[in-house]
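*Asks:* Kindly produce the complete structure, drawing on both the sequences and the hints.
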Amino acid sequence: MSLLTVKENIGMVNNSNTDMASLVQANKNIVFDTKDLNLWYGETHALKDINLKINEKEVTAIIGPSGCGKSTYLKTLNRMVELVPTVRTTGEITYKGQSILDKSFKVENLRTRVGMVFQKPNPFPKSIYDNIAYGPRIHGIRNKKILDEIVEKSLRGAYIWDEVKDRLKENAYGLSGGQQQRLCIARTLAIEPDVILMDEPTSALDPKSTLKIEDLVQELKKDYSIIIVTHNMQQAARISDRTAFFLNGEVVEFDVTDTIFTKPTDNRTEDYISGRFG
Amino acid sequence: MKYLNAEQVTKRMDGRIAKNNILKVLFLLATLFGLIVLAILIYRVVVDSIGWIDWNFLTGRQSTDAERAGIMGALLGTLWMMLVVAPVTLILGIGTAIYLELYAKKGRLQSIIQTNIANLAGVPSIVYGILGLTIFVRAMEMGNIILAGGLTLSLLILPIVIVAAQEAIRAVPGFLSEASYGMGATKWQTIKNVILPAALPGMLTGAILALSRAIGETAPLTVIGIPALIIPFPEGIFDKFTALPMQIYYWTIDSSLVAEYANLAAGTIIVLLILLFVLNSAAIFIRNKFQQRF
Ligand SMILES: Nc1ncnc2c1ncn2[C@@H]1O[C@H](COP(=O)(O)OP(=O)(O)OP(=O)(O)O)[C@@H](O)[C@H]1O
Ligand SMILES: [Mg+2]
Numbered sequence: 072m073s074l075l076t077v078k079e080n081i082g083m084v085n086n087s088n089t090d091m092a093s094l095v096q097a098n099k100n101i102v103f104d105t106k107d108l109n110l111w112y113g114e115t116h117a118l119k120d121i122n123l124k125i126n127e128k129e130v131t132a133i134i135g136p137s138g139c140g141k142s143t144y145l146k147t148l149n150r151m152v153e154l155v156p157t158v159r160t161t162g163e164i165t166y167k168g169q170s171i172l173d174k175s176f177k178v179e180n181l182r183t184r185v186g187m188v189f190q191k192p193n194p195f196p197k198s199i200y201d202n203i204a205y206g207p208r209i210h211g212i213r214n215k216k217i218l219d220e221i222v223e224k225s226l227r228g229a230y231i232w233d234e235v236k237d238r239l240k241e242n243a244y245g246l247s248g249g250q251q252q253r254l255c256i257a258r259t260l261a262i263e264p265d266v267i268l269m270d271e272p273t274s275a276l277d278p279k280s281t282l283k284i285e286d287l288v289q290e291l292k293k294d295y296s297i298i299i300v301t302h303n304m305q306q307a308a309r310i311s312d313r314t315a316f317f318l319n320g321e322v323v324e325f326d327v328t329d330t331i332f333t334k335p336t337d338n339r340t341e342d343y344i345s346g347r348f349g
Numbered sequence: 183m184k185y186l187n188a189e190q191v192t193k194r195m196d197g198r199i200a201k202n203n204i205l206k207v208l209f210l211l212a213t214l215f216g217l218i219v220l221a222i223l224i225y226r227v228v229v230d231s232i233g234w235i236d237w238n239f240l241t242g243r244q245s246t247d248a249e250r251a252g253i254m255g256a257l258l259g260t261l262w263m264m265l266v267v268a269p270v271t272l273i274l275g276i277g278t279a280i281y282l283e284l285y286a287k288k289g290r291l292q293s294i295i296q297t298n299i300a301n302l303a304g305v306p307s308i309v310y311g312i313l314g315l316t317i318f319v320r321a322m323e324m325g326n327i328i329l330a331g332g333l334t335l336s337l338l339i340l341p342i343v344i345v346a347a348q349e350a351i352r353a354v355p356g357f358l359s360e361a362s363y364g365m366g367a368t369k370w371q372t373i374k375n376v377i378l379p380a381a382l383p384g385m386l387t388g389a390i391l392a393l394s395r396a397i398g399e400t401a402p403l404t405v406i407g408i409p410a411l412i413i414p415f416p417e418g419i420f421d422k423f424t425a426l427p428m429q430i431y432y433w434t435i436d437s438s439l440v441a442e443y444a445n446l447a448a449g450t451i452i453v454l455l456i457l458l459f460v461l462n463s464a465a466i467f468i469r470n471k472f473q474q475r476f
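The listed protein sequences correspond, in order, to chains A and B. Counting from 1, position 247 in the first sequence corresponds to residue 318 in this note's numbering; the numbering is continuous, with no gaps. Counting from 1, position 284 in the second sequence corresponds to residue 466 in this note's numbering; the numbering is continuous, with no gaps.
Please keep in mind that the hints were generated in silico from the structure rather than gathered at the bench. Some hints here could point you the wrong way.
[As the list claims (entries may be wrong)] Simulated pairs of lysine-lysine, DSSO-like, Cα-Cα distance not exceeding 27 Å: (1) Lys471/B <-> Lys240/A; (2) Lys216/A <-> Lys374/B; (3) Lys177/A <-> Lys471/B; (4) Lys197/A <-> Lys471/B; (5) Lys369/B <-> Lys215/A.
*Replies:* This is the structure:
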């Protein structure tokens, strides 16, 4: 893909959506502040001295070649990375001012505030209804009426309500891949998080489902802070406010998306987004 | 330049195909050998038992008189014993599997336990009999009651149940538990709501197959001293008892004294085989019916 097509796409986004210039000045709250984060898988040094401030109610895209640490960074933000027993971290991440890497910070609390959507749609082998109700139920909601309301609200929020409202009792695996992924987004909305982490949420989907999810992300950022990993440059350009470019476990450049894609300061960023490597 | 010479390849083709056909026949013979021996065995048993399996045989009490002898006592003994074995092995087996797979830190201790469980599965059943005799019958002073027999057989099949349950847990895809953890579920909530429902069909199938092994076990029961002749029916797990395989064992041994005992043994074998067949069908049914698809 050439730099030119990306620029054209940005033009589109600018006209229809956000005014980049005002965005830069806007005094947004910081939701995640990462300071000198280092992470090792055993001997593999996967994240090196990461420093990033992520704004509230924005879409932050993370781009970079395969194996550069994008997923690892994302999973550090909700501490899912701890499921790998060999993981070791140093440095600090604060979520709204609270230090979250501390063992005393309950991961269960963190993960109800910071939801996650995975690369491959991963519904439970349960009914559509039970998939959405899963989160509320584990957090103690038993009342059928409240659950019904949450299910409908979440499915509407993920723009899939009309497609599934007559088949809530059916198994989620009867849905198409794109529907499954929107179901998973709805399932995340049901825990009413502040942040939604998305790891290449459209890489397993066809172009039409991809567009639906991109539109959805645009809607969701009114209420949620979204951090999205993507290999699709145009997608990053289309939907994100800020973009971080990762390379070999380091943040090479982090800036307003417009700047990253039109006048990046680092040569490596330009090489990557113009498709010269990665 | 080409490495494969088409002419040469064609020339060797016949030889390759012939070799393939010969091996096919050899493997078929290997399969037939087992099947034929099994067929002969069943044929002999069926022929021997013809005319002997009747209502009185199924519901009657034990007796030295071949014409009057029945297997109800042994059948009840076996069923009561399974009533001990099934819950004990399921609870201990699934509990151990959950601990080892989901809670225990992967390390030296865990791998030592793991290796030992695998080894225990290979220990001869008579050794478990000795263990049962020492612990349950003598040290705990139970005597040779159903509970003692059931606990002994539980020990025997526990390693198999544990390993089967572990495999069932490992077969649950990681992306399902990740989805659960990702929403703030605790480990136990994830196990209860996601991992166990997905793993349970596999666990139950493994447990039922292990149970059908326990039903046929004779050696451990011989060692803990199950008597040859018990007239009253067992009415609970604290009663003395005999079991189907014991019945077969004694009747077979004593067929040198009373020839008809051989027919009684054959009839008992048929009943035992039907019981095993029912159990294995249940295992297959559970696997097909409740297996979740993702
Ligand atoms: N569970 C793990 N154990 C050991 N090393 C790991 C593990 N997961 C990731 N790594 C290593 O950490 C580095 C970063 O991996 P990560 O998955 O974060 O890359 P990524 O940027 O998401 O790549 P991709 O675009 O292919 O998804 C890689 O070198 C990878 O091999
Ligand atoms: Mg990744």
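*Asks:* Next step is simple, just say for each hint if it's right about the structure.
*Replies:* So, going through the hints one by one against the coordinates:
1. Distance restraint check for Lys471/B and Lys240/A: the Cα-Cα separation of roughly 19 Å lies within the 27 Å cut-off, and the hinted pair is therefore satisfied.
2. The straight-line distance between the Cα atoms of Lys216/A and Lys374/B is roughly 24 Å, inside the 27 Å bound, and the hint therefore holds.
3. For the given pair, Lys177/A sits about 39 Å from Lys471/B by alpha-carbon distance, which is inconsistent with the 27 Å threshold.
4. Only pairs whose Cα atoms come within 27 Å are accepted, and Lys197/A paired with Lys471/B is accepted, the gap being roughly 15 Å.
5. Straight-line distance between C-alpha atoms of Lys369/B and Lys215/A comes to about 25 Å, which keeps the hinted pair within the 27 Å bound.
The structure shown violates just one earlier hint, number 3.
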